[in-house]
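Asker: Here's the letter readout for the chains.
There are 2 protein chains.
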Amino acid sequence: MAPTPTPGANDPLANFYAKVDELESVFIERLGDAVKIPSISAQADRRKDVFEMSEWVAAKMRTVGIDVTLKPLGKQAGTDLELPPLVLGRYGKDPQKPTVLVYCHYDVQPASLEDGWKHEPFVMTVEDNGRLCGRGTSDDKGPLIGWINMIEAFQKVDVDVPANLVFCFEGMEENGSFGLREALEEEADKYFADVDVVCIADVVWVSDEQLSIPQGLRGIIFYLVTITGARQDAHSGGFGGQISEPMIDMVNIMASLVDSNGKILIPGIYDNVQPVTEKEYESYKELNISEDSLYGGTGGRSLHDNQADALIARWKKPSLSLHRIENALPGAGAVTSIPAKLVGKFSIRTVPFMKAEEIDVIVRRHIQDRFASLGSKNDIEIEAYPSDWFYEDAGHWNYQAAIRATRNVWGVDPAMTCEGGSIPIALDFKKILKKNVLLLPVGRPTDGQHSTNEKLDKSNYINAIKLYGSYLREAATLWRENKNRVSSA
Amino acid sequence: MAPTPTPGANDPLANFYAKVDELESVFIERLGDAVKIPSISAQADRRKDVFEMSEWVAAKMRTVGIDVTLKPLGKQAGTDLELPPLVLGRYGKDPQKPTVLVYCHYDVQPASLEDGWKHEPFVMTVEDNGRLCGRGTSDDKGPLIGWINMIEAFQKVDVDVPANLVFCFEGMEENGSFGLREALEEEADKYFADVDVVCIADVVWVSDEQLSIPQGLRGIIFYLVTITGARQDAHSGGFGGQISEPMIDMVNIMASLVDSNGKILIPGIYDNVQPVTEKEYESYKELNISEDSLYGGTGGRSLHDNQADALIARWKKPSLSLHRIENALPGAGAVTSIPAKLVGKFSIRTVPFMKAEEIDVIVRRHIQDRFASLGSKNDIEIEAYPSDWFYEDAGHWNYQAAIRATRNVWGVDPAMTCEGGSIPIALDFKKILKKNVLLLPVGRPTDGQHSTNEKLDKSNYINAIKLYGSYLREAATLWRENKNRVSSA
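Line by line, the protein sequences are chains A and B.
Numbered per UniProt numbering, the first sequence spans residues 1 to 489.
Numbered per UniProt numbering, the second sequence spans residues 1 to 489.
Quick caveat, the hints were computed from the structure, so don't treat them as lab data.
Be aware that a few hints might be false.
One copy or two, either will do: identical chains are not told apart, so a pair holds if it fits within one copy or between any two.
To be verified - With a straight-line Cα cutoff of 27 Å, these simulated DSS-like cross-link-like pairs (lysine-lysine) come out:
#, residue 1, residue 2
1, K285, K377
2, K377, K263
3, K60, K279
4, K458, K435
5, K377, K75
6, K285, K434
7, K156, K377
8, K156, K430
9, K93, K430
10, K48, K75
11, K377, K71
12, K285, K36
13, K430, K263
14, K431, K190
15, K97, K60
16, K345, K263
17, K190, K75
18, K377, K345
19, K377, K434
20, K431, K93
21, K355, K75
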């Protein structure tokens, strides 16, 4: 059951909202024009379309007066492909307003009719139920164009856009975001120097029935454990019982990491995990999340049978997953061979306030101790690839503005949630710009962002435009209050 | 250091041996003719050459008076390819002689110059050091043609071949021996009805420096353990900690089977293992086996640092090897995915007098108990594919004849050894014909039977012919003695 959009009639942005509604068909047509360009970043033969899309976005931005700069990112490492540019833009430079950096991306996932699309994926179809169907409608062209639409609507009701805007629109998000981090580092003290907060419009609600704003993302430390025995695979008939087998060490180490109930067995791993408060626990009980969202993906193998515990396991607790054990030598080897070299892959999802460096120390010590206890004749090597968790204080005016705006536009309070996976971009913005980063949802989890028949509900598209406007207005108000409080303190 | 061939001058077969030596160049030319036909059974486009080879073998057999029957084996299952025939033959039907079934194969492994051969693999090159180089010289055309050569040499010195011979020459040995088992079952009471013993001439010495006759082969029980969780792989970010992971159960089960020192941890598994006698242990110490044969394949990861213990581990003890853990759903999945369904593969090498059915019971019970102890929400399934160990009493006249013949021809006693791997054909002959089966080595382990630059030493080729003759003579003598003893008892 989707919530009914009910922007308050007494909202000072009532004229703006009305204009957005009035321009609905223009905005929908605009999204349709964007969908037509198959800007698939992961397909080399579509790279030219990604470039065309960057030009299209830049042109649309210019029509509403945004000062656009295309920042080239050079070649894609290991290829002859030119990376699509960052489309940077500035709108407004009023010192009496906060400056909000807006991130979206203009590239899309691959799509073709043969994959099972009902309609041609690069021709937007408006279905009777109001769904805007087409690749990129939800991820992320709809959310991106919404910002341009918002400026246009403000202009048409002759109201100042409430905040200064800095745009950072990327064309490689669906293909590794190559070049983004370096560009952020390069521009942190230049183009982005005056940014107060960041708003990333590339996430969805926690459930179709539950509006939400995620304030936390788990981190990940990805581990490769390599165990090396003989120089080549041995035949188990000829050598079984005589030769030291890396696989035996590997399964022993893997089995020592986590139990079948999901409990991590590495001593000290839970030491810095933030406890779940009773209030949080109660709030998780109340969330309106469908059974399918909650348990569908587990195929009846959920370790928890109630919503709060399941969500806490996903969002608030670390987890350790064993991914695979791979033969590290070329060739598959006979089915009865004894593999000579193996790579075991596992990862730890981390949460506030675990410290990646400390975790790495205790994980390595645990593995080395376990390996030593086996008395193996093989060699072991451990590699770790950490990426931090992300957690923002929802008390920050950036979040409070988003919460108020959601209430203003959708008429309901958003739930403050987390996500189990990481969004590296969010962390990059936070670490490099050192500003509060907001993930502002536009679409719904069933939009099919990376699958067939991607859609964006018309209500979500139109309300996103209103949400952006309201968010900027609330942000400006809170920023000013906050500034006055600080200066008068 | 190769032993010097010294057939005793006082051997009653002295004339036969001299004739073999005299015909050396004829015999070598004959092997060269056989090598020219690239009878590669594993390559569909060479199947016609395998058929040509069967005709060539049949024709050569007929020239020495063997009564030849080509037994068609029908189509290769799942293909349109006709299986090459079994070339069956009979020579002699004297009730005063034992009847020896001789098995060899006339197909070969693939080979091409690009693989790194010094010479064209299907043109036999006689090197200065006496090596006969070419695909199939050692495996198994040399050993096969040796039987025909033997009959010719006996005929030319006007001496009766000492035993009746039944030939069974196969053309699919290097590609699964399809059809052989069924043919053996079909002919057991017909073509093979009067067979007294079997001699398989398709093995090599235990080491280049150590003549040997293997009397035992380990069996194998191959296990597939399937653990099923969700219907599809899950993302470890979204579901890690909430979902029950098959990989965690799998590594726990695998780790419970065997330790890093090669000790099998399944209770009762060693119960019926035949103890190694002091005499055996001492004899293993004495074997002349190179360091490289013994430890080369282990790359410094041998669990045993002396010859007797290493050989016992390979030959006389069961072993349990962990082969791999594979994703059982199509597609590799993201590197951070939680696999939904896994197949773990391991095998147990069995030795006398373990009973496959009993072993299977205790293995399944162990795995099920372990799985139950994990409290997992997943499902488990266990499949077993057993193939028995092979062990013959060296006191049988078939073995004693081979031992005496080795001494007669090579001047040294062969070591009675085992092999760690299984030879399914040996077991098939034993189980179906229910006769004593001898594995009579011709070549050396460094002949490169399945690799590049395959060779057969000229001394091994020529001495095999003498060995066959001597073996049949000793067999006939012992058979008669044995018969008289039995009838007078």
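Asker: Each hint should be assessed against the structure and marked as holding or not.
Answerer: Structure-based check of all given hints:
1. With identical chains, the CA atoms of K285 and K377 are at most 27 Å apart between copies only, with a shortest distance of 24 Å across copies and 51 Å within one.
2. Proximity of K377 and K263 under a CA criterion of 27 Å is satisfied inter-copy only: 14 Å between copies versus 30 Å inside one chain copy.
3. Within a single copy, K60 and K279 get their C-alpha atoms no closer than 45 Å, and across copies no closer than 92 Å, so neither meets the 27 Å cut-off.
4. In this assembly of identical chains, K458 and K435 lie within 27 Å of each other by CA distance neither inside one copy nor across copies; the values are 32 Å within and 82 Å between.
5. For the homomeric pair K377 and K75, neither the shortest alpha-carbon distance inside one copy (45 Å) nor that between copies (48 Å) is at most 27 Å.
6. Taking CA atoms no more than 27 Å apart as the test, K285 paired with K434 passes in neither setting, with 33 Å inside one copy and 71 Å between copies.
7. Proximity of K156 and K377 under a CA criterion of 27 Å is satisfied in neither setting, with 76 Å inside one chain copy and 59 Å between copies.
8. When the C-alpha separation of K156 and K430 is checked against a cutoff of 27 Å, the pair qualifies neither within a copy, at 34 Å, nor between copies, at 94 Å.
9. When the C-alpha separation of K93 and K430 is checked against a cutoff of 27 Å, the pair qualifies only within one copy, where the shortest distance is 22 Å, while the shortest distance between copies is 93 Å.
10. Taking identical chains as interchangeable, the C-alpha atoms of K48 and K75 lie at most 27 Å apart only when both belong to the same chain, with a minimum of 14 Å there against 54 Å between chains.
11. Proximity of K377 to K71 under the C-alpha cut-off of 27 Å is found in neither arrangement, the shortest distances being 54 Å within a copy and 52 Å between copies.
12. With identical chains, the CA atoms of K285 and K36 are never at most 27 Å apart, being 42 Å at best within one copy and 79 Å at best between copies.
13. In the homo-oligomer, the alpha carbons of K430 and K263 never lie at most 27 Å apart, since the shortest distance is 30 Å inside one protomer and 52 Å across protomers.
14. In this assembly of identical chains, K431 and K190 lie within 27 Å of each other by CA distance solely inside one copy; the values are 16 Å within and 83 Å between copies.
15. Within a single copy, K97 and K60 get their C-alpha atoms as close as 24 Å, which meets the 27 Å cut-off; across copies the closest is 101 Å, which misses it.
16. In this assembly of identical chains, K345 and K263 lie within 27 Å of each other by CA distance both inside one copy and across copies; the values are 18 Å within and 26 Å between.
17. Taking the closest pair of Cα atoms, K190 and K75 come within 27 Å of each other only inside a single copy of the chain (22 Å); across copies the shortest separation is 75 Å, beyond that limit.
18. Proximity of K377 to K345 under the C-alpha cut-off of 27 Å is found in both arrangements, the shortest distances being 21 Å within a copy and 22 Å between copies.
19. With identical chains, the CA atoms of K377 and K434 are never at most 27 Å apart, being 48 Å at best within one copy and 43 Å at best between copies.
20. In this assembly of identical chains, K431 and K93 lie within 27 Å of each other by CA distance solely inside one copy; the values are 24 Å within and 92 Å between copies.
21. In this assembly of identical chains, the alpha carbons of K355 and K75 never lie at most 27 Å apart, being 35 Å within a copy and 65 Å across copies at closest.
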